[in-house]
Each structure stands twice: as C-alpha cells, then as structure tokens.
Amino acid sequence: MKFLSLVAAVLPLASALTIPEKRITTPANDPFYVPPSGFESSKPGAVLRERPIVASFFGLIPEAIDARQLLYRTTAIDGSAIATVTTIFKPLIAKKDRFIAFNTAYDSSASICDPSYNYRWGALQTDLISSAEFLVIQAYLLSGYTVASSDYEGPDVAFSVGRLSGMGVLDGIRAVVNYGPKIGLNKNPMVVNVGYSGGAIAGGWAASLQPSYAPELNMKGFIIGGTPANLTQVLVAVDGTLFAGFLPGAIAGQVMPSAYKARLGPVLDKIITPHGKDVLALGSSQCVAVNLISFVGQSLLDTKVQSLGPDLLYQEDVAAVLTENTMGLKQEETPKVPVFMYHAKNDEIIPFSGAEDLSKRWCGYGADVRFTNYGAGGHATTEVVAHFGSHR
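Sequence positions in the sequence shown follow mature numbering (1 follows the signal peptide of the UniProt record, and there is no 0) and run -16 to -1, 1 to 376.
Heads up, a few of these hints could be off.
DEER-style ranges, computed between Cβ atoms [claimed, not checked]:
#1 N13 with I77: 35 to 45 Å
#2 D262 with V220: 19 to 29 Å
#3 V220 with I8: 34 to 44 Å
Result set (DSS-like, lysine-lysine): computed pairs, CA atoms no more than 27 Å apart in a straight line [as the list claims (entries may be wrong)]:
#4 K27 with K171
#5 K320 with K171
#6 K27 with K166
#7 K204 with K80
#8 K204 with K320
#9 K344 with K329
#10 K166 with K204
#11 K204 with K314
#12 K288 with K261
#13 K171 with K204
#14 K166 with K79
#15 K80 with K320
#16 K314 with K245
#17 K245 with K261
#18 K254 with K288
#19 K74 with K27
#20 K171 with K80
#21 K166 with K80
What the hints contain is simulated information worked out from the structure, not anything from laboratory work.
Yeah, the Cβ is synthetic: ideal placement off N, Cα and C, and Gly gets one too.
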C-alpha cells in the first residue's frame, strides 16, 4: 500500500541490467515450501527446512551477504498447524545480540507475490513492493543488523487476515531465534519488528498477540506506520477509488483455508455474482501493483460483484470477522513493549483516524505508545521519511 514513487525511481536502473538466464522455481512449484510429513506435532516456530539463497535487488543484482531461508511451523486461524517461510539476511559484520524482523507489505493473495520468492536472484519480480522495500532492508544491513523477513500471510497467502499474519510474524521470529546460533546470533537476541501499511497489519497484530502467543520472545519494540487498524474503515475508504485494487486480494485472503473459509465461504457462495467470481479470481492471481491498475475505480460493494451491495458489511458473519480483525478492541491484547506508530495526516489510502484511535486505546490500556503524525506528504512518501527517524 505504498512505496510506488520509490518503485518508479528505481525501475529504470533495474530494467537496464542483465536478466539471469535461468528463472527460479515459483513457490507453487517449489518443494521447499511443502512441510515434511508429521510437522503438525512440532512447536510453533520450529524450523522444518533450511536452504542458502542468493539474495538480490529486483532479482537482478546479487547481494554480497549471507542469505538463507527457513521453512517454519506456524498457526492457522482455527489453531491448526501450517508452514511458511522466512528469509534471513546477514551482513558481513553483524551484531550478535539483536536482529530486525521486517514485514514487507506484499498486500497480495497470490503465492507468486511471496517476499521469499521476490528476494531471490532470478525471480520474476512480480511484487514490486517487496523488491522496492529491499532498500529499507539494505539500510538495516549497512548498520550491522541481521534482518529476517517472513511470508507472514502463510501458505495460502491470506492477505489482510491480521491474526494469522501476527502469528506468522511471531513464529518467524521464533524460527530465527531457534536457528540463530548457526548464523552467529546469541541464544536470546533482542528483536524489533518493523512494518508499514500492509506490513503494519502484521506488525500491529504481532504486537497485540505477543504477550499471550509468544511471551518468551525478547521483544524490544514494534515500529508500525500507515497502520490499517480498522479494516472496515479502510474498505469503505478505498472502495471505488484509485486504490480499489487493494480490495480483491484482501477479500480473497479472508476466505483462504487457513483464514476464514469455513465461516465466510458459504456466505460468499450465496451472494457472489459471476462477475464477482471473475474479480476475485483475477485479484487473487496478481500482485498488488497489477491489481491497482486492473481494478482502478471499481466498487466491491456494488451488486454487480455481490448481491448484498453495501449491506455486505452488515452481514452477520462478515461483520464478526471484520470486528475480530480490528486492532485494540480487547484489553488483553495490549502490547507489553514500546510501540512507535507513525501516520500521514493526509494519508489517501489508510485513514489517519483509525491509527490515531488505536494509539489512544492502547495508551488507555496502559501501553507505551509514541504516535507521530506527519502533516505533509501522503501514504507513499511517509514510510521513506519516517524510516530515517525510526532507524535509530
């Protein structure tokens, strides 16, 4: 949900470089992503498989760093075991007592958009956001931080499912901690989790769930910006606008098997139109940059897509799921470590009020939250500007 200006700036450089002769296998056809038999009995965060990779910028420039990927066990919405991947980047001279867990905003429900794929040399670079955000990762690497970035949407690529993403982030951190001694990390390293926009869905929920789901982690803080704290508010704000392309993947994500398919699937089957089926099929097969072009100005709250029209938001099961994925409603899900939040006052995609309300609720529950608003700029520019302040 951002960074498009940065993408535009670096694309000319990427297009001028030599394309690798052989493309790597996509996640849907890569056996590395398939968990071994019996993995369900392992603990969340258990490392199931590992491999070295050649990391690269825009799939074209190999990076001179130690890069590895871990397949790890995490948890679906219904509590069942699933597996996903985290990618570790280690600089030549790395701090041993800490690392950064970075949530890229891949904002998609297609496996071709997984960060773990797009970070690799020879990847097709289908997700330009992950590729561009590699610049942020590089800034941390230059400061001596090891960085881990997980496919927190899980094996079904369930975009917008906050609780699933939060557990995916926390179990990814657990996996790196478990694996840490192999790459020179201390046994109990300090961790800061960072995410912007779609990455803040994961980061905000990781902060919320960490006290109960992963209390043993040595978390020192969470940095989240452009936070979609209230999905209902975001849906209404972008539906029918230039940014409507975020919605097909988000809705498809909610009905993935690891998410709320059991609850929302029957509802969707009753109300979706043939055109609506085409919208979700296309939206869940493309990455966000293409979706933004494909669905500009379209409304998913239109009866051409689903028979309830705007009343979709009031359907009992839909409303319950949206409420369940609204941050800050439960006091027991209050972060126990410091949180730095930032948001553009004039954010044209994610309403400022939702993030501000979340910060106030968390503070009311006793959380240590620093909230910074940016009066100038919009969604795309704020991540870049704020990064320099939070990078310390």
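Against the structure, the hints come out as follows:
At about 37 Å, the beta-carbon gap between N13 and I77 stays in the expected band of 35 to 45 Å. Separation of D262 from V220 is about 23 Å and conforms to the stated range, judged on CB atoms against 19 to 29 Å. The given range of 34 to 44 Å is respected by V220 and I8, whose C-beta atoms sit roughly 39 Å from each other. Restraint check: the Cα-Cα separation between K27 and K171 comes to about 18 Å, which is no more than 27 Å; the hinted pair holds.
Between the alpha carbons of K320 and K171 the distance comes to roughly 22 Å, so the proposed pair stays at or under 27 Å and holds. For a cut-off of 27 Å, the pair hint linking K27 to K166 stands: about 19 Å separates their Cα positions. With a C-alpha separation of about 15 Å, the suggested pairing of K204 with K80 holds against the 27 Å cut-off. Restraint check for K204 and K320: the C-alpha separation of about 10 Å stays at or below 27 Å, so the hint holds.
For the hint pairing K344 with K329, the CA-to-CA distance comes to about 16 Å; that is within 27 Å, so the pair holds. Among the hinted pairs, K166 with K204 is consistent with the structure: their alpha-carbon atoms are about 22 Å apart, no more than 27 Å. Simply put, K204 and K314 have alpha-carbon atoms about 22 Å apart, close enough for the 27 Å limit, and the pair holds. About 10 Å separates the Cα atoms of K288 and K261, which keeps this hinted pair within 27 Å; it holds.
Pair hint K171 plus K204 holds up; C-alpha atoms about 15 Å apart against a cutoff of 27 Å. Annotation: proposed proximity of K166 to K79 holds, straight-line Cα distance about 14 Å (limit 27 Å). Of the supplied pair hints, the one linking K80 and K320 holds, its CA atoms being roughly 24 Å apart against a limit of 27 Å. Proximity of K314 to K245 is assessed by CA-CA distance (about 24 Å); at most 27 Å being required, the pair is judged to hold.
A threshold of 27 Å between alpha carbons decides the hint, and for K245 with K261 the separation of about 15 Å falls inside it, so the pair holds. For the proposed pair K254 and K288, the alpha carbon gap of about 14 Å is at most 27 Å, so the pair holds. A hinted pair counts as satisfied when its Cα atoms are at most 27 Å apart, and K74 with K27 qualifies at roughly 25 Å. About 9 Å separates the Cα atoms of K171 and K80, which keeps this hinted pair within 27 Å; it holds.
Proximity of K166 to K80 is assessed by CA-CA distance (about 11 Å); at most 27 Å being required, the pair is judged to hold.
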